[in-house]
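Visitor: Following the hints, put chain X in place on chain H, whose structure we already have.
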Amino acid sequence: GDSVTQMEGPVTLSEEAFLTINCTYTATGYPSLFWYVQYPGEGLQLLLKATKADDKGSNKGFEATYRKETTSFHLEKGSVQVSDSAVYFCALITGAGGTSYGKLTFGQGTILTVHP
Amino acid sequence: NAGVTQTPKFQVLKTGQSMTLQCAQDMNHNSMYWYRQDPGMGLRLIYYSASEGTTDKGEVPNGYNVSRLNKREFSLRLESAAPSQTSVYFCASSTLPGTSGSSYEQYFGPGTRLTVT
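Protein sequences appear in the order of chains H and X. The first sequence begins at 1 in our numbering and counts up one residue at a time. The second sequence begins at 1 in our numbering and counts up one residue at a time.
Just so you know, these hints were derived from the structure itself, not from any lab. Just so it is clear, the structure is predicted and the values come from calculations on it, not from any experiment. Among the hints, erroneous ones may be present.
Stated by the list, open to error - Estimated spans, in silico, between C-beta atoms of each pair: (1) Val82(H) / Gln17(X): 35 to 45 Å; (2) Ser51(X) / Lys52(H): 40 to 50 Å; (3) Ser3(H) / Pro39(X): 30 to 40 Å.
Claimed, not checked - One side only, chain H facing chain X, incomplete, derived with CB under 10 Å: (4) Ser32; (5) Thr51; (6) Phe106.
Where is the CB? At the ideal position from N, CA and C, for every residue including glycine.
Looking at chain H on its own, in the form it has when it is part of the complex (with noise of 0.2 Å):
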């Protein structure tokens, strides 16, 4: 079945220090690849999106290139905030012909910590 698998959390970093969350996945069918972000207390929201393989989602400084050939959707942001402090999600969803078809899979998300 669909599976994605992202890095160990959880990560702390300084402000204004590089992100790289890495995601990869395995899938049957042509997924749509996602961020999601969960701030404290509060429900998911998505962070950017690639449908095919090349696209780039971007979002509020936050980028991640949907790469075919590694199976893989790596977040990056070149310098983080205090509020970017949150849990990151990468997930999946198949389109016509994917097991899953229609249902989102999603890794079991990272902490991320910014101080100050």
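Guide: Frame of chain H, contents of chain X only:
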């Protein structure tokens, strides 16, 4: 436009008690989902409803039932709560996957934190 709303926000149950978690969306979405979130395990799909009138099991359906009351509302019922059901429950909605213009994006409610003692 409230998006996805869930009630209650917090609940404590004793083992064996029953309760229903309510979810409603005002985005005219066809598909709705119930997830549970446990530490270190991400979100796992309990049940989903691809469209009004249909429901299907997800990854972890045991101990739960659902009702798609109408297009807006999708409830999750615990008939006999167990400590293993202590978790945070999220409802989500989306356009029907595979339909023209569907972005597959799911919109999440704020969650219900349930403790079963």
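Visitor: Look at each hint and say if it fits the structure.
Guide: Results for each hint:
In this structure the supplied range 35 to 45 Å holds for valine 82(H) paired with glutamine 17(X), their Cβ-Cβ distance being about 41 Å. At about 26 Å, the beta-carbon gap between serine 51(X) and lysine 52(H) misses the expected band of 40 to 50 Å. Between serine 3(H) and proline 39(X) the CB atoms are about 19 Å apart, so this pair departs from the stated range of 30 to 40 Å. Below 10 Å, beta-carbon pairs count as interface contacts, and serine 32(H) has one with chain X at about 5 Å; its hint therefore holds.
Below 10 Å, beta-carbon pairs count as interface contacts, and threonine 51(H) has one with chain X at about 8 Å; its hint therefore holds. Evaluation of the phenylalanine 106(H) hint against chain X yields a held restraint, the C-beta minimum of about 4 Å falling below 10 Å.
Of the numbered hints given earlier, the model fails hints 2 and 3; all others are met.
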